[in-house]
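Number of protein chains: 4
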Amino acid sequence: MNQRIPVAVLGCTGMVGQKFITLLENHPWFELKELVASERSAGKTYRERGCWKQPTPIPEHIANTRIQSPQEPLQSRILFSGLDANIAGELEEQYAQRGHLVVSNARNHRMRPDVPLIIPEINGSQIELLRKQTTYQHNGGGIVTNPNCSTIILALALYPIWQQFGLQRVMATTLQAISGAGYPGIPTLDLLGNTLPYIAGEEEKMESEIYKILGTNNFKISTTCNRVPVLDGHSICISLQTQQPSTLEGLMHALEHSYADLNLPSSPAQVLQILTDPYHPQPRMDLQAGHGMTVSVGRLRTCPILDWKFTILGHNTIRGAAGAALLNAEWMTSNGLV
Amino acid sequence: MNQRIPVAVLGCTGMVGQKFITLLENHPWFELKELVASERSAGKTYRERGCWKQPTPIPEHIANTRIQSPQEPLQSRILFSGLDANIAGELEEQYAQRGHLVVSNARNHRMRPDVPLIIPEINGSQIELLRKQTTYQHNGGGIVTNPNCSTIILALALYPIWQQFGLQRVMATTLQAISGAGYPGIPTLDLLGNTLPYIAGEEEKMESEIYKILGTNNFKISTTCNRVPVLDGHSICISLQTQQPSTLEGLMHALEHSYADLNLPSSPAQVLQILTDPYHPQPRMDLQAGHGMTVSVGRLRTCPILDWKFTILGHNTIRGAAGAALLNAEWMTSNGLV
Amino acid sequence: MNQRIPVAVLGCTGMVGQKFITLLENHPWFELKELVASERSAGKTYRERGCWKQPTPIPEHIANTRIQSPQEPLQSRILFSGLDANIAGELEEQYAQRGHLVVSNARNHRMRPDVPLIIPEINGSQIELLRKQTTYQHNGGGIVTNPNCSTIILALALYPIWQQFGLQRVMATTLQAISGAGYPGIPTLDLLGNTLPYIAGEEEKMESEIYKILGTNNFKISTTCNRVPVLDGHSICISLQTQQPSTLEGLMHALEHSYADLNLPSSPAQVLQILTDPYHPQPRMDLQAGHGMTVSVGRLRTCPILDWKFTILGHNTIRGAAGAALLNAEWMTSNGLV
Amino acid sequence: MNQRIPVAVLGCTGMVGQKFITLLENHPWFELKELVASERSAGKTYRERGCWKQPTPIPEHIANTRIQSPQEPLQSRILFSGLDANIAGELEEQYAQRGHLVVSNARNHRMRPDVPLIIPEINGSQIELLRKQTTYQHNGGGIVTNPNCSTIILALALYPIWQQFGLQRVMATTLQAISGAGYPGIPTLDLLGNTLPYIAGEEEKMESEIYKILGTNNFKISTTCNRVPVLDGHSICISLQTQQPSTLEGLMHALEHSYADLNLPSSPAQVLQILTDPYHPQPRMDLQAGHGMTVSVGRLRTCPILDWKFTILGHNTIRGAAGAALLNAEWMTSNGLV
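Chains as they are written, first to last, in this note's numbering: chain B, 1 to 338; chain Z, 1 to 338; chain W, 1 to 338; chain C, 1 to 338.
Only chain B is shown next, with the shape it has when bound in the complex (with noise of 0.2 Å):
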């Protein structure tokens, strides 16, 4: 792939925008060469904007680019969207009937029966409903959408047990990181020592995105969402019961071996690490694995009352957002749909 294919950020300037910009530096098959964001970022630089909050300094050739309005035209082939999702459903959508392919973390469009909602590894082939969409068919634009970021890491976890034994009943409670509600999201005075035991919205799209991807609602499941003071990480205490007998050997085998590598340039070596620490996963230390496209799964043991216990932990903001639309990107791209 000696030509590198253009693609823009639109929401170029929150926090998954970020994300974005900073996942597709040296990207080997995508070239960032649009930034766009709303009427009151347009026109800056990206500098000038002094929106940037990530802990490496912006790129340079960013950091000169001009903000453009959603307005102007793009060149760019491929749009990744981390636009806030009371904008996200509209433009987006003429964004994919002006002919581009628009790869989401936006909520917007998920639930939309032509749309994709994929997580590469688990439902890939579902990327071919991008053909069903009008705009596809008439002039090659479409929406391909990720999962919420607590959807997408407990799908990983769950996914291989539910393909091996099937399941029966799945409990889940998050303890959530911050930049899961974007900026400025969620002040100082309520979190600074604190926990918060709700976000809004967030049970029902684990409980209705999950059943999307997997593409049955044959298992129940109820899930619980903390917000803690944690940067980026978000870890879920689950309990769940298997539809077939299960063992603890076949769960971590099913964990462990369950995922093919996509060969993907965002696909990590290991979809899945278990740790047998009892004190991990735990976001200082193991955010990084997989430079952030993997997830640890720990504590696994039994349950008195459904069949296991384990707890996990996923980067929100990478395998949760950006990484994952970027997968999706790649998976879309090597599936000959660009």
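These are calculated hints, taken from the structure and not from any lab test. Just so you know, these numbers come straight off a predicted model, no measurement behind them. Just so you know, even glycine gets a beta-carbon here, dropped at the ideal spot from N, CA and C. Please note: incorrect hints may appear among the correct ones.
Unchecked claim - Just a sample of chain Z residues kept apart from chain C, beta carbon distances all over 10 Å, derived:
(1) ALA42
(2) LYS53
(3) ASN64
(4) ARG112
(5) ASP114
(6) SER179
(7) THR188
(8) PRO229
(9) SER246
(10) MET252
To be verified - Lysine-lysine pairs mimicking DSS-like chemistry, simulated, CA-CA at most 27 Å apart:
(11) B:LYS132 to B:LYS212
(12) B:LYS220 to Z:LYS220
(13) W:LYS220 to Z:LYS53
Based on these hints, arrange chains Z, W and C on the given structure of chain B.
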């Protein structure tokens, strides 16, 4: 009660010991006269010892009290024990043999058949077990215990439901504060902007103690304990299934109206309070309810797997430790056992 | 004072407004009767408004009080203003013209020559400036202000030294709490495990207000303001040079004995307290001294460049804001100006 | 350099030891072959020891390396010492007598006249002191040290100014990260939502070491050291007076252009970077500059008392500890002393 009962604090330098000192200040029934700690602290005044970590100053008369070693004889009738588990077992036994009533927060004697493990609002009548202790029969000495901090908070929320509807299954996932780990406890390097998925021994204690308190093990309980960067206040996310059919109204009524007021100095006006704002309970705002003796209940809703889900919060070093022992001593006193 | 004076809180939904409500609960002289906030809040009861961020519950009678808009006439004689600076200037002026005494924490009128900018222990006599205000002469209305939070805390530590030895140079570096930034204030993403080296406008305010309070600018002051992840409590590291020769004993004597007790409901037993443990003062442990009205002084030692170095700590929303205004109102009342 | 030089890490289980392991991974000149820790750790593989606190996994070949005790002979030419000060004095001396070059981060030998205390960019020529060490003359063994973390960061910002304009007075107030206190270091109970106004011994070290590095004590320095809840990154608020007249432009030019590139594997492209956004430098965003080897300078402005004020930030365990020692070893190697 014109003459206050002289009391001592064992393990006076630790976090629970400090909380005993704070709560005993101006207590109407008990007068803190003696302080006991290890050889390393003995001989110093409490101020010289330099261990104080409370946000209010050391009470003046305590600051100048000389710390005694465990070898020295004590005058006090009641000894509040905040001793570490590695020494509490033997020392508490010795004090009982010397004729003292040890009201202990340590775990060592909790499961002994002749030792009351009580939460007065729930199983206060078990205080009569004290009469079975050989020491109590001989010289009036004995040991009374309260459960582990998470267990107390959980038990207070479960009891009205268990009493009214019976329980079949209880899943509990905790977000626990650092003060429960004592001092120095958890290094900042391990918990700043982080969470830990494991607390050694905690899940076992919660599961076994709850059965002893309720006097039955005919329901199943499964717990997962996490440590979060919160100073004080354990949150617990609960899903449960009742034995009898239950309604939301019935559940709320049980939670709000089951507990009679004990009319003891440390008993709160409300043992449980129900909060309807979904962002509550949270440690920063709801911890001080009932001077730390009220447990808050929020997010009450149906569970797709078991029957009900809700989140509770209690003060781990007050309702879950020093305040619990103090209430036990008040209960013991009002029952004529002192 | 059999009949308590009716008072109102302007900007009742903000952080300072909430602190006013907390401190006015059970006040012996003042009775909180009216609440005022913007149009957006007006008409709702205080509980419905849902802004409460204090660790204690909303006082019951306040919870059910209807919030009034700035257009509605008020019955209260004294209005405590926690208004935002962008509206305080005009609104406070209007209330004065309507005959109310506005005791304000806002910065807008602080530097006006006819407006008292007072800390009663330091320049209480300046309260007489009130008589020069046209409104006060016409209808008894007027404006009284307290300095910025950091300025108050700094001024209380400097004043005894300035009075006793004179001052030549003062270098001050602050570590300021987040509550000073109001709500929502600083995003968790900006401050969790982080510090910020700048607080807009703060250094200028500290440098100019201190001169007005002391009525002189014949010494030099240089400040650097940092934001740190602390909920309440501003720490200030000070180096200073006195005009007259000074000794450590003389300095300590001045700090401990300069302030007379004002005998007002909100004045603390000790305006300053000296701590000798080098690990103090610290926000977590020393903030509540004097119910938040005492400033703590620690680490007093010689400075290799100027004469003396020490670190102080004060409660920014009590001594530095709501408590400061309340003390001003008490002072004004006891001086027969109400 | 086809053959990499074999090196060992002394005190391999501590925080600095772990950082040495991280930085030596894939080092072009040095190959980490041996690990040394106390008797308690000796005999275990590094993975078994279970001390790892870094956000990246233990390098695989290190994880399986057996930890050696200080008694065992070492093959490595260079030993990186992250030993605790209570044992470093004697042990480092012993290793030097056995012919090893100890490149130490410990404070014990820093002030010895024949021991280089160096920051290569500032006083690299002092490396020649090594030749005066008796052990070096006999068997090539010796000791080379780097300053304390805060001192290095401060010295790097002061040196260009001192060199260009001379210095008369330097006031420095620090906000220091917890990683500087080692592990377990500071309990969460002491630092969550809190700051500490004192770091034992730190102010003395900063004041004395800076004189040795610059080879003069003809200016005055006064420091105040605070601990803040930040994981990595020391911030220092500086006010200073130059000997010669200085301008803002001159100062900025000196800061940006004084340092030549050493062209060593660990030397950064920029030793200092100047940031103009007043909200920078801050640990969360600027710490990784130059892979942790660049010191950031911000808030440069005039001081009403001395001449200039600014705030600097440096990575305390990289530029201030392990990276400093590694750079010293590279410098020593490139100067033909190994």
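If you test the structure against every hint from before, which numbers come out violated? Violated hints (numbers, rising): 2, 6, 7, 8 and 13; every other hint is consistent with the structure.
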